[in-house]
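Peer 1: So you can see what is in the structure, the chains are spelled out below.
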Amino acid sequence: MKYIVLLIFMIGSTSMFAQDRNAKASFHVDGVCMMCKDRIEKAGITSKGVKFANWNLETQELQLIFNETKTDLKTIQTNILQAGHDLDSLKASDEAYARLDACCKYRDPEIRADHVSGKID
Amino acid sequence: MIATENIPSVRGAAQAYGLSFTPGTWVESIQITKGAGSVVNGYESIAGQINAELQKPANSDKLFVNLYGASSKRLEINTQYNTQLNKKWSTGIFVHGNSQQEEHDVNNDNFLDMPLYNQINLMNRWQYIDNENGIVAFMNLRYLNDEKQTGELDFDPDTDNLTTNAWGSEINTQRYEFSGKLGYVNPELPWQSVGMQLAVSNHQQDSYFGLRVYDIEHNSIYSNIIYNSIIGDSRHKIKTGLDFTQDSYNELVEDTDYVHKDNSVGGFFEYNFDDLDKFNLTAGVRADYHNRLGFFLTPRVHARYRPWAKSALRVSFGRGKRAANIFAENQNLFASSREINIQRSASGDIYGLDPEIAWNYGVSFMQGFNIFSRKAELIFDYYRTDFQNQVVVDWENPQEISFYNLDGDSFANSFQTEFSYNPAERLDLRMAYKFYDVQTKYQTGTKIKPLIPEHRVFANLSYETEIKNNSQWKFDATYNWLGEQRFPSTATNPEEFQLGEYSPSLSTLNAQITRVFSNRFEIYVGGENMTNVRQDRPILAAEDPFGEYFDSTLVYGPVFGNLYYAGFRFKLN
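Chains as they are written, first to last, in this note's numbering: chain B, 1 to 121; chain W, 122 to 694.
In short, the hints are calculated from the structure, not lab data.
A portion of the hints provided could be inaccurate.
[Stated by the list, open to error] Computed list of lysine-lysine pairs in BS3-like fashion (alpha-carbon distance at most 27 Å, straight line):
(1) B:42 / W:431
(2) W:692 / B:48
(3) W:358 / B:70
(4) W:431 / B:105
(5) B:37 / W:496
(6) W:399 / W:496
(7) B:37 / W:360
(8) W:496 / W:183
(9) W:358 / B:48
[Said to hold, decoys possible] To list a few chain B residues with every Cβ distance to chain W over 12 Å, as calculated:
(10) 22
(11) 28
(12) 52
(13) 54
(14) 58
(15) 60
(16) 82
(17) 95
(18) 96
(19) 99
(20) 105
(21) 111
(22) 114
(23) 116
Everything numeric in this text was worked out from a predicted model, so none of it was measured.
C-beta atoms are modelled at their ideal positions from N, C-alpha and C, and glycine is treated no differently.
Chain B with its partners taken away, still in its complex shape:
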């Protein structure tokens, strides 16, 4: 009987907090070039529990697939901020931003304009 209760409790706990092993999320991340893409995706994928990360330069959307039993969105977003990239609502620290390569300084309107005009790749 004791075991049955335990068993019910265990089943109950998994179904009550159903966590998706292939949870999907997608949000805005600031960046300007292919080097940014590499850095953003790397920051995503190296975050424990993330299985897939794809950042689109045009739409600036980062698509993620991650295991909710191992991580949560907040942890992953923290990792991206630490790599120096701003999210919609959250800004990367100045130290993290300062570590970006010169061509990746997406907060600088001139650098953004140079990427658009093709002056730098």
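With chain B fixed as given, assemble chain W onto it according to the hints.
Peer 2: Using the frame of chain B, we list chain W on its own:
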């Protein structure tokens, strides 16, 4: 190994003709892998893989017409028509024809300098795309008819076929092929996909060379299934799957029939790690069971490392194993008086010979940099192939060609350095030097493989003018230099039929000018071998083709000399 859309294609009966049965305008792109290839494409490749992707009906020009004519009176036509039938289906019809019916004999040896030929090559492709459900499929139907005639000028195939009236040769090939591909990518989990391939072909060659008959029919079935996924996250990718191949060969060589059937079934697993920065590793292994090669494992490893910016260091090694099709691969031997001598071994299952086994090791380093703030790149690579067993093709006795199992060392060392530079806007320069040292232990001692230059130089310069109103000029020139090549020994021939130990070195120059008039229309003119370099006496004992010294296999350079051509390309999107 040469593959078409990742299906091994230039093998068996088709091996001798390489990609000449795939018209250039059908090819969308070519990928070259040096060194050991991927285990996914089989166990046969030893020193590298070439894969040709063909034009896809869904994103190729709606109509394409190319006409080409050369001073040798070669005519060539390439057309394709692609159409989208509905949201998911597209189809394309590809037609290629070439013909050269003018007799040329610039060296006056009474033999044609180049064959008379006709080729018709047809393909119908179907492409299915369903992005919502992650399905892509291709189906291809191909037909080839190729006819070649060569030999003495006054040879008439109708009356002189297999007689000593005159020496002549005809090679007639027909090939039917169906191939299909089906791919599924899980729309929910983009790293998960399954691909299936099936290729079925019938290849028939009927030929004779003087008094020698050589016919081959090759029926082939190739099929595989590949599953792609990840372990943990998308930095760790895996590919695994199964494949099945059946090849049945029916050959007639002079008076002897050779009939054999090869079956193989194999499984493979490949792991790829990408740290998304400096390091990338691919390691694969496959296990195969083959009715004549037995059970064997094929490991292959590639790694790439970026020690600093704009550089790449690559290393690779792997094993390859194959059954040599000695006649199909050495068809030129028939156009000589050499007697065929197969030295069978007790264990030999393949024409009485053992399977070929080789290991390949390679290292390559690439560095990009700037010269006067313009892009340049320097590549060094070194590959070595070591044969554990090889079917040695021995030409060292001028009256014989012998095939036997290797007893001793056989290796190929290849060192190449390549420099490319963009000295000005739209001006590109590429230069390469290759050292290629191929040595085999023959029964008469260790020798350099005949008719392979040890040193080669390549240079290409191309320039395009700025595009104005969709029109521009394009200029392209290529220089090739080949060092001396060793002739197989002719020392036992009478003096008049002896060649030196080495051929002279030679260089050729090709150039082309293209005028683009619009997005739809362009014309081009060009020249090949413009400095008119020729091998004086390509055929030994041409005056006595049925005598014992006749040999047309000792060709080291161009026979015909310079050639000029012109053509146009027309396309509609």
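Peer 1: When the hints from earlier in the document are held up against this structure, which numbers fail?
Peer 2: Violated hints: 2, 8, 10, 12 and 13; rest satisfied.
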